[in-house]
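Those protein sequences? They're chains A and B, same order as listed. Straight run, no breaks: the first sequence in the working numbering ends on number 479. Straight run, no breaks: the second sequence in the working numbering ends on number 660.
Derived from the structure by calculation, the hints contain no laboratory data. A portion of the hints provided could be inaccurate.
[Stated by the list, open to error] Below, computed lysine-lysine pairings styled on DSBU-like, alpha-carbon distance capped at 35 Å:
hint : chain 1 : residue 1 : chain 2 : residue 2
1    : B       : 637       : A       : 112
2    : B       : 570       : B       : 505
3    : A       : 112       : B       : 485
4    : A       : 23        : B       : 620
5    : B       : 620       : A       : 112
6    : A       : 375       : A       : 444
7    : A       : 112       : B       : 570
8    : B       : 637       : B       : 620
9    : B       : 608       : A       : 444
10   : B       : 620       : A       : 444
11   : A       : 200       : B       : 513
12   : A       : 305       : B       : 512
13   : A       : 337       : B       : 620
14   : A       : 23        : B       : 637
15   : A       : 112       : B       : 505
16   : A       : 200       : B       : 637
17   : B       : 485       : A       : 200
18   : B       : 620       : A       : 200
19   : A       : 23        : A       : 308
20   : A       : 23        : B       : 533
21   : A       : 112       : B       : 533
Take a look at the letters that make up each chain.
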Amino acid sequence: MSESAVSLKTPAELARVPLVTNKRSFAWISDNVSTICEERSRLWWWALFIPLSIIAMIGLFCIGYQISNGVGVWGENHPNGWAWDITNFVFWIGIGHAGTLISAILFLTRQKWRTSINRAAEAMTLFAVVCAGIFPGIHVGRVWMAWFLAPIPNANGIWPNFRSPLLWDVFAVSTYFTVSVLFWYTGLVPDLATLRDRAKSRVARYIYGIFALGWRGSNRHWRHYEMAYLLLAGLSTPLVLSVHSVVSFDFATSILPGWHTTIFPPYFVAGAIFGGFAMVLTILLPARLIYPQLDDLITRQHVDKMAKIILLTGSIVGYAYMMELFIAWYSGNQYEKFTFFSARLGLHNSGWYSWAYFCMMTCNVLSPQVFWSKKMRGNYIVVFIICQFVNAGMWFERFVIIVTSLAQDFLPSSWGHYTPSWVEIWTFIGTFGIFLSLFLLFMKFLPMVAMSEVKIVLPEADPHFHPESPDSHAKEGAH
Amino acid sequence: MGDERKIYGLGAEFSSPADLLVAAEKVRDAGFKKWDVHSPFPIHGMDAAMGLGKSWLSAPVFAGGSSGFITAICLTFIPSAFLYPMIVHGKPTGLMTVPAFFPIMFELTILFSAFTAVFSIMIFNQLPKWYHPVFNWERFKSVTTDGFFLVIEAADPKFSEIRTRELLESIGGQRITLIHD
Chain A
1 MSESAVSLKT PAELARVPLV TNKRSFAWIS DNVSTICEER SRLWWWALFI PLSIIAMIGL
61 FCIGYQISNG VGVWGENHPN GWAWDITNFV FWIGIGHAGT LISAILFLTR QKWRTSINRA
121 AEAMTLFAVV CAGIFPGIHV GRVWMAWFLA PIPNANGIWP NFRSPLLWDV FAVSTYFTVS
181 VLFWYTGLVP DLATLRDRAK SRVARYIYGI FALGWRGSNR HWRHYEMAYL LLAGLSTPLV
241 LSVHSVVSFD FATSILPGWH TTIFPPYFVA GAIFGGFAMV LTILLPARLI YPQLDDLITR
301 QHVDKMAKII LLTGSIVGYA YMMELFIAWY SGNQYEKFTF FSARLGLHNS GWYSWAYFCM
361 MTCNVLSPQV FWSKKMRGNY IVVFIICQFV NAGMWFERFV IIVTSLAQDF LPSSWGHYTP
421 SWVEIWTFIG TFGIFLSLFL LFMKFLPMVA MSEVKIVLPE ADPHFHPESP DSHAKEGAH
Chain B
480 MGDERKIYGL GAEFSSPADL LVAAEKVRDA GFKKWDVHSP FPIHGMDAAM GLGKSWLSAP
540 VFAGGSSGFI TAICLTFIPS AFLYPMIVHG KPTGLMTVPA FFPIMFELTI LFSAFTAVFS
600 IMIFNQLPKW YHPVFNWERF KSVTTDGFFL VIEAADPKFS EIRTRELLES IGGQRITLIH
660 D
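Input sequences plus hints: build the corresponding full structure.
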């Protein structure tokens, strides 16, 4: 075309919104992310860390109390053999899903905006899985027998049952945690080298240096590194979809009404991503407030996109709820109908826990619909509040699934109420202390934004970058 | 002490990824073999500019994944079919029970592959290696921030302190420095 020189210029209104705003340079990214770890701990950090670690200690005390006294200190009793313990386990495991989704699935789908949030989200994944792992570990009662879960013959020479979803769960969760750690650490190595090269104190230089493995940014290394990253992303993608599917098998393979459904794996995975993104925003929105420099890295665009994912997955979850109700009616099975319409929806005033069902519906299905509005997605206060609704709603979802099905099952003679004891309540609150204080330590000692990855999405990183072209931004105004 | 030490190579600094890419193409065309570029992030197209092919890391990872798969087959079938056959939920114990073992086969395949991927890059890249001559170059510190470097090793048969320096100058290298071991 003869006018190609003119037509190649993108009109301003069609130009892409830059992923890193205000035309920041490579050095700006390193400086402003590294200072978070390098500066003296601010007052707010201690003001958060001290109470949170005390809460974590209370949680650990409750775990110790439960181990030394037995599961009887919990409110769980026949017929509610599972209650808050497994609710909390599934809740925390679900939260972990956003990190791997961001780092693996969004990598394979070339969503470049992932680079500024993936590190924090992956860290959040690891800490959430740590909290999740506590509950199945202690709810077995005799914790010292937990090694019976390992794929070795136990003290009586009996092998574990490899056909049991509970054993699949052991494999799924431990593989998920291990692979997430490997993926996270691989991504961290170049950034640890940045901290090593910037470190003022000898001790910091040695410690970061040891973990940076002597990384020197060599292209002969980057070649294998990028392939490893791609392979790990490819491996983590089916993994993240499988973990919550396997968790859902714990329920779906049983014969209890409300659990015995084939919709569970996709429904659990969508719910996990939904709850995970809500937790990512719950953590990153205050972090942006505390560190204003993160505004240029975690931009309005990022919050907007995460809000859209919450809307999408929340609607999938809503669809799953509707489908469960439809199938309960369509099956014609009286027990299914009772569980969904009486125990959960509360028709005929027979649902003990239908208030929890309505909490779940309101928080998970109705509240994210606010995100259809672009204005609401851009209002951080609204986004933060909706995320809290989602966090609460996803906890209620697991509570509804577990407790409504167990408390009121086939025969009214075997029904039983469930109320949590103080030990259960404080163990759950304690896991929030563990989760958040681990995250604060992560912010303090490790770069919370993947610097080397964010640098790639800057226009200057492209070897075909021309400073004079209208779309790209030059380095000036960088500092 | 300075001049007594063995020369490792000549290093040059470049101002942008684009300049480094062009320089790498020229060094490749000049026929050097033992040289490397260093950058804060992987540069798109640099492998081709350096004349490097695709990383064959996927080969060990495939082998690792396969070993995980085979491990899972042995781990599930040997106890369930031979060592301790136990009928649970009325399910068969032999080969017909294979769908119940898919989750474990899947998980171990992923687990072994991920470990192989991480250990393979360490072996391929000879990491950890906490000492390297390039770290003796004071300016090299910026490689993890915004520095773009090209280093030609003295071990390369084409290396000559004077002519290699001229080459680096002609391709736009700045602050050309002799790096000692």
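Need the list of violated hint numbers for this structure, in ascending order. 1, 2, 3, 7, 12, 13, 14 and 16
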